[in-house]
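Colleague: Residues per chain, in single letters:
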Amino acid sequence: MMKIDLSGLEPSAPLCGTNEHDEISKPPSFELPVTGDFDGFQKEAVQMVKPAKGTTTLAFIFKEGVMVAADSRASMGGYISSQTVKKIIEINPYMLGTMAGGAADCQFWHRNLGVKCRLHELANKRRISVTGASKLLANILYSYRGMGLSVGTMIAGWDEKGPGLYYVDSEGGRLKGTRFSVGSGSPYAYGVLDSGYRYDMSVEEAAELARRSIYHATFRDGASGGIASVYHVGPNGWTKLSGDDVGELHYKYYPVEAAVVEQEMAELSVA
Amino acid sequence: MARYDRAITVFSPDGHLFQVEYALEAVRKGNAAVGVRGTDTIVLAVEKKSTPKLQDSRSVRKIVNLDNHIALACAGLKADARVLINRARIECQSHKLTVEDPVTVEYITRYIAGLQQKYTQSGGVRPFGLSTLIIGFDPHTAVPSLYQTDPSGTFSAWKANATGRNSNSIREFLEKNYKETSGQETVKLAMRALLEVVESGGKNLEVAVMTKDQGLRQLEEAEIDAIVAEIEAEKAAAEAAKKGPPKET
Chain F
15 MMKIDLSGLE PSAPLCGTNE HDEISKPPSF ELPVTGDFDG FQKEAVQMVK
65 PAKGTTTLAF IFKEGVMVAA DSRASMGGYI SSQTVKKIIE INPYMLGTMA
115 GGAADCQFWH RNLGVKCRLH ELANKRRISV TGASKLLANI LYSYRGMGLS
165 VGTMIAGWDE KGPGLYYVDS EGGRLKGTRF SVGSGSPYAY GVLDSGYRYD
215 MSVEEAAELA RRSIYHATFR DGASGGIASV YHVGPNGWTK LSGDDVGELH
265 YKYYPVEAAV VEQEMAELSV A
Chain Y
20 MARYDRAITV FSPDGHLFQV EYALEAVRKG NAAVGVRGTD TIVLAVEKKS
70 TPKLQDSRSV RKIVNLDNHI ALACAGLKAD ARVLINRARI ECQSHKLTVE
120 DPVTVEYITR YIAGLQQKYT QSGGVRPFGL STLIIGFDPH TAVPSLYQTD
170 PSGTFSAWKA NATGRNSNSI REFLEKNYKE TSGQETVKLA MRALLEVVES
220 GGKNLEVAVM TKDQGLRQLE EAEIDAIVAE IEAEKAAAEA AKKGPPKET
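Sequence order for the protein chains is F and Y. So this note's numbering is basically just the index in the first sequence, starting at one, shifted up by 14. So this note's numbering is basically just the index in the second sequence, starting at one, shifted up by 19.
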């Protein structure tokens, strides 16, 4: 049985098969699947569970903090399974995570991250930084690399160093940045977000930019839709700013004007 | 690998853990170590027993770095110290890797104390025979700290403390003479305390000073000699002052 040696990293192994209490100085490790061709198995697993992350989420840092927005549609292939999924996960009162990829994976590991953040606070008498929290999540996801987790998330928060934003995914990647969009609708969201972005926006302007970016993504991407939620993370924690149905947003941005032909018909019938 | 499940450290009928108490005895036989916390400086001073002529004294440093901003001195079994120090150094780096922040002094003290405690409650092992003095500056608040751990796994913060041989007399001296100091005054206070029980001279003391900006600095023998000379001069002046006034009347 092969064993991966994870000494030096947090022992965040799957729930089965760890013998922590046996010996004091055994490095943390967990058992790998029993198979002849491990690399082939890995490839198969990834292909099987590789959804296109049907969603649109985005987050960006600006003068007043971090703006986080997401749609709320869950799709299974061509079937829309829900229009009311909460894709912005509240890790703790000053940190948010976004959901893209496997819903169960995102929800579970974000809650797990919330537990770890709280334990860190209790042990160290100070809040964990966004850097630290994102690193904890990234290390966990890395240790499950190739086993079929599908998570594309952004960790947004406000800590002692100010606003912080990290992108973390199930391939084990972790990037620090000021503007991210994740999901199948992200190219469309990026288009609107990047062209409208300025660092010194007010909270309302930034919220409107985030809302419009999500709206445009839901307009063009079939796997995104439902409700555009917008959250703001400031020095005192996060607040939910709005949750608008994208259908209604469409008619707000592009109100229907009576077509020319219909006008003539109306005039004819009167005259 | 066979598991050892028979514990060596077990309770006595009147609630003592004798192995832990014997470990404390081993500490009491170890060389004296003193730590003093100032407002901007923290000092560790350790007794150096006479080095054999052929031994390279630089290979037996008693005050070691755990990280750029944390240092440790100990009294007791030196071989146990090596193991504990290595584990602590790994933990300092591991913490930096997982949360991208250097450890706080309290965190690494808690870790070392936790490790010492684990070995009092596991099968097939004996407790570590050493007490440690851990000094450092908190990376976030720049507050200087001095902590002490012992073989039972307890730890606490101190303004000044001593461990090892004659630690009680040193602690008494510190209790009488401690005041908030900074810079060179902190160094002198630590050395005065240690000189209560150790022969004076640069050969018999190892002194290290930690500041926020420069980290840990080991003092050279010549420097130590110079400070010892200052201390002796001050002592002599104080004694003369005491004897002086009565004669005049």
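Treat each hint with caution, since some may be false.
[To be verified] Each pair of labels, with its calculated beta carbon distance range:
1. Tyr23/Y / Ser95/F: 50 to 58 Å
2. Lys190/F / Ala248/Y: 53 to 61 Å
3. Pro269/F / Thr160/Y: 51 to 59 Å
4. Glu45/F / Glu242/Y: 27 to 35 Å
5. His264/F / Glu119/Y: 40 to 48 Å
6. Gly176/F / Ser69/Y: 52 to 60 Å
7. Asn105/Y / Gly92/F: 55 to 63 Å
In case anyone wonders, no lab produced these hints; they're calculated from the structure. In this text, a Cβ means the ideal position worked out from N, Cα and C, and glycines have one as well.
Colleague: Run every hint past the structure and note whether it holds.
Modeller: For each hint, the structure was consulted:
The hinted range of 50 to 58 Å is satisfied by tyrosine 23/Y and serine 95/F, whose Cβ atoms lie roughly 53 Å apart. Separated by about 54 Å at the C-beta atoms, lysine 190/F and alanine 248/Y satisfy the suggested range of 53 to 61 Å. For proline 269/F paired with threonine 160/Y, a C-beta distance near 56 Å keeps the hint of 51 to 59 Å intact. Look at glutamate 45/F against glutamate 242/Y: about 56 Å separates their beta carbons, and that is not inside 27 to 35 Å.
In this structure the hint that histidine 264/F and glutamate 119/Y lie 40 to 48 Å apart at CB holds, the actual value being about 42 Å. Take glycine 176/F and serine 69/Y: their Cβ atoms lie about 56 Å apart, and the range 52 to 60 Å holds. Checked against the given bound of 55 to 63 Å, the beta carbons of asparagine 105/Y and glycine 92/F, roughly 58 Å apart, stay inside it.
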